[in-house]
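Asks: Protein chains in written order, with my numbering: chain A, 1 to 116; chain B, 1 to 114.
Note that these hints are calculated values from the structure, not bench results.
Careful, some of the hints might be misleading.
To be verified - List of simulated lysine-lysine pairs, BS3-like, C-alpha gap at most 30 Å:
#, chain 1, residue 1, chain 2, residue 2
1, B, Lys3, B, Lys69
2, B, Lys101, B, Lys54
3, A, Lys83, A, Lys57
4, B, Lys3, A, Lys42
5, A, Lys57, B, Lys69
6, A, Lys42, B, Lys54
7, B, Lys69, B, Lys52
8, B, Lys101, A, Lys57
9, B, Lys101, A, Lys78
10, B, Lys52, B, Lys3
11, A, Lys57, B, Lys3
12, B, Lys101, B, Lys52
13, B, Lys101, A, Lys42
14, B, Lys3, B, Lys54
15, B, Lys3, B, Lys101
16, A, Lys42, A, Lys83
17, A, Lys78, A, Lys57
18, A, Lys57, A, Lys42
19, B, Lys54, B, Lys69
20, B, Lys69, A, Lys42
21, A, Lys78, A, Lys42
22, B, Lys101, A, Lys83
23, A, Lys42, B, Lys52
24, B, Lys69, B, Lys101
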Amino acid sequence: EPEVTQTPSHQVTQMGQEVILRCVPISNHLYFYWYRQILGQKVEFLVSFYNNEISEKSEIFDDQFSVERPDGSNFTLKIRSTKLEDSAMYFCASRDHFGTANYGYTFGSGTRLTVV
Amino acid sequence: LAKTTQPISMDSYEGQEVNITCSHNNIATNDYITWYQQFPSQGPRFIIQGYKTKVTNEVASLFIPADRKSSTLSLPRVSLSDTAVYYCLVGPPPNAGNNRKLIWGLGTSLAVNP
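Pulled out of the complex, with its shape left as it was, chain B reads as follows:
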């Protein structure tokens, strides 16, 4: 499973756009990129997943360049409640029948200030 590298921490202010970049130089051809959010003492929560180009949902956008060796999670107009740890994971596609585990890094601790 491909290793990922993210910044350890980031600071932002309410109302700003936050972009968190993840490097995954050894991503495999079939791998998807998935981002999770975790609040203290809670389980990780799925945010967004993509394979290439751009994916957008109601909470975030995911930008993946053509070489797929990195990805950027974009959070528009963050609020205090977006303070959390954000994890980038690389793994098998969503319809993979095999039972693959998730390999977690330390994630990016985002602090949103008033």
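Just chain A, with the same shape it has in the complex:
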């Protein structure tokens, strides 16, 4: 079964540092997403991406956040200057136009970001 791959699985960074979280979506998928989940809380939408541009972003996705699909396979989330409250699991997801055989989004295993 095709997978969404995320790296690294765990990243520790100092407050104020820049981090880049990487994702390789399923190859024939067209829509890409970043979600995050603070420990014990809901999964929260950050941003959706289609046709090489942001389709929608949440209030969380402020000027410190950016996304890129630099080479047609990777999909990255950059946080320019991390804050303690950015500590969370970050999930990448993708889906194709017709929702795939199982109709759903496919999520990666996540990157646990710890800001110290």
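Got chain A; can you put chain B on it based on the hints?
Replies: Same frame as chain A, now just chain B:
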């Protein structure tokens, strides 16, 4: 996007059937109902999706009454490995070309005991 309401937690035993009900009173005509499973420190995993009546796959069944204001995820003969959080989401159909986000609730934390 329609809001969903689920029980916060449920307990069960190995071998039992588990039914988790979700309320979505404001579901729109074109909305589909989708259930995801999430293990600790892992990404959500698609379980099943439906529009009306009954859908069954190799892991679960989904029952949707005629008014579609609720749905029930049925897990037959659960095992310890089914201990997870189960989320009910309501949103656009699978072939929606628009790029809709998923709105998540807190889900139902299912504990399967030996």
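Asks: Determine for every hint whether it applies to the structure shown.
Replies: Verification of the supplied hints:
1. Only pairs whose Cα atoms come within 30 Å are accepted, and B/Lys3 paired with B/Lys69 is accepted, the gap being roughly 11 Å.
2. Simply put, B/Lys101 and B/Lys54 have alpha-carbon atoms about 25 Å apart, close enough for the 30 Å limit, and the pair holds.
3. Between A/Lys83 and A/Lys57 the alpha-carbon distance is near 19 Å, which keeps this suggested pair within the 30 Å criterion.
4. For a cut-off of 30 Å, the pair hint linking B/Lys3 to A/Lys42 stands: about 14 Å separates their Cα positions.
5. Straight-line distance between C-alpha atoms of A/Lys57 and B/Lys69 comes to about 29 Å, which keeps the hinted pair within the 30 Å bound.
6. With a CA separation close to 28 Å, the supplied pair A/Lys42 and B/Lys54 stays within the 30 Å bound.
7. With a C-alpha separation of about 10 Å, the suggested pair B/Lys69 and B/Lys52 falls inside the 30 Å cut-off, and the hint holds.
8. In summary, the hint linking B/Lys101 to A/Lys57 is supported, as the alpha carbons are separated by about 9 Å, within the 30 Å threshold.
9. For the given pair, B/Lys101 sits about 20 Å from A/Lys78 by alpha-carbon distance, which is consistent with the 30 Å threshold.
10. A hinted pair counts as satisfied when its Cα atoms are at most 30 Å apart, and B/Lys52 with B/Lys3 qualifies at roughly 18 Å.
11. Between the alpha carbons of A/Lys57 and B/Lys3 the distance comes to roughly 19 Å, so the proposed pair stays at or under 30 Å and holds.
12. Distance hint between B/Lys101 and B/Lys52 is fulfilled; the C-alpha atoms sit about 22 Å from each other, no more than 30 Å.
13. Under the criterion of a C-alpha separation no larger than 30 Å, the hint pairing B/Lys101 with A/Lys42 is consistent with the structure, at around 14 Å.
14. A distance of roughly 21 Å separates the Cα atoms of B/Lys3 and B/Lys54; the hinted pair therefore holds under the 30 Å criterion.
15. Restraint check for B/Lys3 and B/Lys101: the C-alpha separation of about 13 Å stays at or below 30 Å, so the hint holds.
16. Distance check on the hinted pair: A/Lys42 and A/Lys83 sit about 19 Å apart at the alpha-carbon level, within 30 Å; holds.
17. A C-alpha spacing of about 14 Å is found between A/Lys78 and A/Lys57, which places the hinted pair at or below 30 Å, so the restraint holds.
18. The hinted pair formed by A/Lys57 and A/Lys42 meets the criterion: a straight-line CA distance of about 17 Å does not exceed 30 Å.
19. With a C-alpha separation of about 14 Å, the suggested pair B/Lys54 and B/Lys69 falls inside the 30 Å cut-off, and the hint holds.
20. Between B/Lys69 and A/Lys42, the direct Cα distance comes to roughly 23 Å. Compliance with the 30 Å bound is thereby established for this hinted pair.
21. Pair hint A/Lys78 plus A/Lys42 holds up; C-alpha atoms about 21 Å apart against a cutoff of 30 Å.
22. With a C-alpha separation of about 25 Å, the suggested pair B/Lys101 and A/Lys83 falls inside the 30 Å cut-off, and the hint holds.
23. Simply put, A/Lys42 and B/Lys52 have alpha-carbon atoms about 27 Å apart, close enough for the 30 Å limit, and the pair holds.
24. Distance restraint check for B/Lys69 and B/Lys101: the Cα-Cα separation of roughly 21 Å lies within the 30 Å cut-off, and the hinted pair is therefore satisfied.
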